[in-house]
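Respectively, the protein sequence lines represent chains A and B. Its first residue numbered 320, the first sequence is counted upward by one per residue in the working numbering. Its first residue numbered 320, the second sequence is counted upward by one per residue in the working numbering.
Don't take each hint at face value.
Identical chains share a label here; the pair holds if one copy fits it or two copies do between them.
[Claimed, not checked] Capping the alpha-carbon separation at 20 Å, the derived lysine to any residue pairs in SDA-like fashion look like this:
| # | residue 1 | residue 2 |
| --- | --- | --- |
| 1 | Lys419 | Gly401 |
| 2 | Lys498 | Gln476 |
| 3 | Lys419 | Trp373 |
| 4 | Lys419 | Ser372 |
| 5 | Lys363 | Ala443 |
| 6 | Lys363 | Arg375 |
| 7 | Lys363 | Ala344 |
| 8 | Lys419 | Tyr364 |
| 9 | Lys363 | Asp342 |
| 10 | Lys419 | Gln369 |
| 11 | Lys498 | Ser327 |
| 12 | Lys363 | Gln409 |
| 13 | Lys419 | Arg368 |
| 14 | Lys363 | Asp410 |
| 15 | Lys419 | Arg375 |
| 16 | Lys363 | Gly408 |
| 17 | Lys363 | Trp373 |
| 18 | Lys363 | Pro413 |
| 19 | Lys363 | Leu325 |
| 20 | Lys498 | Ala365 |
| 21 | Lys363 | Gly500 |
| 22 | Lys419 | Gly408 |
| 23 | Lys363 | Asp352 |
| 24 | Lys498 | Glu469 |
The set of hints was computed from the structure by calculation and includes no laboratory data. What you are looking at is a predicted structure, and each value in this text was computed from that prediction instead of being measured.
There are 2 protein chains.
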Amino acid sequence: MEKAILLSGLYIITDHVKEADRDPATIAQAALDAGAKIIQLREKYASARQMLSWARHLRQLTQTYSALLIINDHVDIAMACGADGVHLGQDDLPAEEARKLLGSQAIIGVSAETVQEALEAEAAGANYLGVGPMFSTSTKSDAGAPIGPERLRAIKQQVGIPVFGIGGINPTNYREVLKAGADGICVISAISRAPDMGAAVREFLA
Amino acid sequence: MEKAILLSGLYIITDHVKEADRDPATIAQAALDAGAKIIQLREKYASARQMLSWARHLRQLTQTYSALLIINDHVDIAMACGADGVHLGQDDLPAEEARKLLGSQAIIGVSAETVQEALEAEAAGANYLGVGPMFSTSTKSDAGAPIGPERLRAIKQQVGIPVFGIGGINPTNYREVLKAGADGICVISAISRAPDMGAAVREFLA
Chain A
320 MEKAILLSGL YIITDHVKEA DRDPATIAQA ALDAGAKIIQ LREKYASARQ MLSWARHLRQ
380 LTQTYSALLI INDHVDIAMA CGADGVHLGQ DDLPAEEARK LLGSQAIIGV SAETVQEALE
440 AEAAGANYLG VGPMFSTSTK SDAGAPIGPE RLRAIKQQVG IPVFGIGGIN PTNYREVLKA
500 GADGICVISA ISRAPDMGAA VREFLA
Chain B
320 MEKAILLSGL YIITDHVKEA DRDPATIAQA ALDAGAKIIQ LREKYASARQ MLSWARHLRQ
380 LTQTYSALLI INDHVDIAMA CGADGVHLGQ DDLPAEEARK LLGSQAIIGV SAETVQEALE
440 AEAAGANYLG VGPMFSTSTK SDAGAPIGPE RLRAIKQQVG IPVFGIGGIN PTNYREVLKA
500 GADGICVISA ISRAPDMGAA VREFLA
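For reference, chain A alone in the conformation it holds in the complex:
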C-alpha cells in the first residue's frame, strides 16, 4: 500500500543528456538529496552490463532515501537489482508478461499516447501511466509530436490508475499538466541539465 501512495508527485528520469556530463548516480543522488521519491533509470544506449551496474548503485541510494526505483524497458535488470518495478513502452515486453516475471507486488508503468493505449495498459495490469509527450522534447529522439495536457485530461477521465505527464515538462509549464488532472510529472532534462539539480528538484516539489 505504501508503494501506491508514492505513485504521485515528482518522478525523476535519469536519462543521459549528452550536453550534461552527469551519470545516473550523480543525477539520482542530487534528486534524492533534494527530496525526490521516485527515480527511473533510463539509458537507451547503455549495455545491459552497464545498466545493471548503475541499477545496483541506484538501488542502494533509493533504499537509503526510502524512494522507489523503476527500471526502464529491462525486466531482467529490474529483477537482478531488486528494483521496485519497470517502465514499459509500447514496443517493450507487454505488461502482462512483465507481471508474470516480476510478481504481483512490482510496480509496472506503461507509456500511453492515446485513450485506447491507456485503457489497454490498465486492463493489462499497469500500476500507472506515463502520458506524453506533453510538450516538445529533446531528450527522447523517438518521441512523437506533443499530445498536450488535454489528451492527459481525456485519459485521466477514463482510467483509475495514477497518470503522470511526461515530455518537455519544465518549471514554466508543469502547472498546466497538473491542472489537466495529472497525479504527477516526469522530468528529465529540467533536472539533469539544470546548473543546480537540487534546486531544480526543490522548485518542482515546492
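Could you slot chain B onto chain A? The hints should help.
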C-alpha cells in the same frame, strides 16, 4: 542430460541479414526441416515486443522438432517464451545473474575471445562458449578482428565445457574450426543468405 548431449554440432543463428529478406521463423523452419538441433534467435535491432513474438513462434517450432531454442542477450524474453537458454556477450548480463533468473536447468552460453574470458565464463557457470570471430564476418558489425581457429584451440585446452566456433564460418572453412577442437560451429549468413537454406544446412551436417 539430454540437453548437454545436444551442445555440439551445428548451431544456427537467425540474425537478420538485410540482403536476404528472411525473418527468423523462415530461417528456423528451413534449418529445422534440414535437421538442425540448435537455434538461436538473435535480432539486435528488433524491439523486445517483436523479439517476444518471434521467440514464441520459434519456441513452438523447436519443440515440434525436439531442438533447442536459445535467446540472444534478453534473459527476460527467454523467460517469457520458455526458451532452453540464453546466449550472452561480454556486455550483456553476467552469466551468474542470468543463472539466478533462469535456474539451474537453463543453458547459458557466453561469447569469449580470449582464454581469460573463457575461464571466467566457465567459472561463472556457462554451459558452453561461443569463440570468435573465427574468420572475417559481415553479419556482426561490432565483431572485432578474427582471432582464428588457433585461439579456439588454446581455449579448448583450458576449459571443460563445449566450445563453438563462430564468425565467418562457411562450407569451405568450417573443417579448420573442427580440427582446432571445436565441439560445434555457429553459422549465420552461410545459411540465411544461401539460395537454398535447407541444402546449406545439410551440407554442414553431412
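We went through each hint and held it up to the structure:
1. Taking the shortest Cα distances, Lys419 and Gly401 sit within 20 Å of each other both inside one copy (15 Å) and across copies (12 Å).
2. Taking identical chains as interchangeable, the C-alpha atoms of Lys498 and Gln476 lie at most 20 Å apart only when both belong to the same chain, with a minimum of 13 Å there against 68 Å between chains.
3. In this assembly of identical chains, the alpha carbons of Lys419 and Trp373 lie at most 20 Å apart only when taken from different copies (19 Å versus 25 Å within one copy).
4. Taking the shortest alpha-carbon separations for Lys419 and Ser372, only the inter-copy value of 16 Å comes in at or below 20 Å, while the best intra-copy value is 24 Å.
5. With identical chains, the CA atoms of Lys363 and Ala443 are never at most 20 Å apart, being 24 Å at best within one copy and 27 Å at best between copies.
6. In this assembly of identical chains, Lys363 and Arg375 lie within 20 Å of each other by CA distance solely inside one copy; the values are 17 Å within and 25 Å between copies.
7. In the homo-oligomer, the alpha carbons of Lys363 and Ala344 lie at most 20 Å apart inside one protomer (16 Å), although the nearest pairing across protomers, at 27 Å, exceeds that limit.
8. Proximity of Lys419 and Tyr364 under a CA criterion of 20 Å is satisfied in neither setting, with 26 Å inside one chain copy and 25 Å between copies.
9. Taking the closest pair of Cα atoms, Lys363 and Asp342 come within 20 Å of each other only inside a single copy of the chain (13 Å); across copies the shortest separation is 25 Å, beyond that limit.
10. Within a single copy, Lys419 and Gln369 get their C-alpha atoms only as close as 25 Å, which misses the 20 Å cut-off; across copies the closest is 18 Å, which meets it.
11. In this assembly of identical chains, the alpha carbons of Lys498 and Ser327 lie at most 20 Å apart only when taken from the same copy (14 Å versus 62 Å across copies).
12. For a Cα distance limit of 20 Å, the shortest separation of Lys363 from Gln409 qualifies both inside one copy, at 15 Å, and across copies, at 18 Å.
13. Only between protomers do Lys419 and Arg368 lie at most 20 Å apart by alpha-carbon distance; the minimum there is 15 Å, versus 23 Å within a single protomer.
14. Proximity of Lys363 and Asp410 under a CA criterion of 20 Å is satisfied in both settings, with 13 Å inside one chain copy and 14 Å between copies.
15. For the homomeric pair Lys419 and Arg375, the shortest alpha-carbon distance between copies (16 Å) is at most 20 Å, but the shortest distance inside one copy (22 Å) is not.
16. For the identical chains of this complex, Lys363 and Gly408 are neighbours both inside a copy (12 Å) and across copies (18 Å), given an alpha-carbon limit of 20 Å.
17. Taking the shortest Cα distances, Lys363 and Trp373 sit within 20 Å of each other inside one copy (13 Å), while across copies they are farther apart (22 Å).
18. For the identical chains of this complex, Lys363 and Pro413 are neighbours both inside a copy (18 Å) and across copies (19 Å), given an alpha-carbon limit of 20 Å.
19. In this homomeric assembly, Lys363 and Leu325 never come within 20 Å of each other (Cα to Cα): the closest approach is 25 Å inside a single copy and 36 Å across copies.
20. Taking the shortest alpha-carbon separations for Lys498 and Ala365, neither the intra-copy value of 35 Å nor the inter-copy value of 38 Å comes in at or below 20 Å.
21. For the identical chains of this complex, Lys363 and Gly500 are neighbours neither inside a copy (29 Å) nor across copies (39 Å), given an alpha-carbon limit of 20 Å.
22. When the C-alpha separation of Lys419 and Gly408 is checked against a cutoff of 20 Å, the pair qualifies only within one copy, where the shortest distance is 17 Å, while the shortest distance between copies is 26 Å.
23. In this homomeric assembly, Lys363 and Asp352 never come within 20 Å of each other (Cα to Cα): the closest approach is 25 Å inside a single copy and 38 Å across copies.
24. In the homo-oligomer, the alpha carbons of Lys498 and Glu469 lie at most 20 Å apart inside one protomer (10 Å), although the nearest pairing across protomers, at 67 Å, exceeds that limit.
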